[in-house]
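Please build the complex by placing chain G on the supplied structure of chain R, with the hints as guidance.
2 protein chains.
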Amino acid sequence: MTHKDLIGELANRLDWKQTKVSETLDTFVIVMNEKLSENCQLSIHNFGVFETKKKAERISVNPQTQERYLVPPKIVANFRPSVNVKEHLKNLNT
Amino acid sequence: MTHKDLIGELANRLDWKQTKVSETLDTFVIVMNEKLSENCQLSIHNFGVFETKKKAERISVNPQTQERYLVPPKIVANFRPSVNVKEHLKNLNT
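If you read the sequences in order, they're chains R and G.
The numbers in the working numbering rise by one with no breaks, and the one at position 22 of the first sequence is 22.
The numbers in the working numbering rise by one with no breaks, and the one at position 35 of the second sequence is 35.
Pulled out of the complex, with its shape left as it was, chain R reads as follows (with noise of 0.2 Å):
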């Protein structure tokens, strides 16, 4: 589902006109964006806590030359789905 279908179903759902699902969205999306760069965790009921997360610096190989080489440490954002996310895709078959 594209950005454009989402937005399509979300203003099926709400009865409200496209262009103003997706400048909600974008609202949305900037407000989720801000904060994650303030290191902020953030919690959405029913679906799930957004929050950033510190990948180590690690040694990597590469394959071509077989040079060791360090990956510097990042920051990334990260999901933690909530317990009824998890519930309902329990249903899925594997």
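In case anyone wonders, no lab produced these hints; they're calculated from the structure.
For every residue, glycine included, the Cβ atom is placed at its ideal position computed from N, Cα and C.
One should not assume that every hint holds.
[Said to hold, decoys possible] Okay, the calculated beta carbon distance ranges per label pair: (1) R/V83 to G/V61: 24 to 32 Å; (2) G/P73 to R/E67: 31 to 39 Å; (3) G/L70 to R/N39: 32 to 40 Å; (4) R/E67 to G/W16: 53 to 61 Å.
Just chain G, lined up with the frame of chain R:
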């Protein structure tokens, strides 16, 4: 930032009542959960992609009894942040 704080922040930005933000966010969460339960991939511009991912079955060991047991395969929700989220987080000190 709790769910309530996030609603407060969005209400400020959008100049909406908190109840309206809360209802809209609930609809968003319902749609996201429904689509994930249908194994859909969901793309949100400038934020990332939500998708389901199959985790393979694996053997684990009960540390108390040393007994080996099979953890069955399962479907989990996964979030892949977009390039611009990664860029934002690059500026954070590790």
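Okay, the hints, checked on the actual structure:
Here the CB-CB span from R/V83 to G/V61 is close to 25 Å, well matched to the stated 24 to 32 Å. The hinted range of 31 to 39 Å is satisfied by G/P73 and R/E67, whose Cβ atoms lie roughly 38 Å apart. Our hint of 32 to 40 Å for G/L70 and R/N39 holds, since their Cβ atoms are close to 39 Å apart. At roughly 55 Å, the beta-carbon separation of R/E67 and G/W16 lies within the given 53 to 61 Å, and the hint holds.
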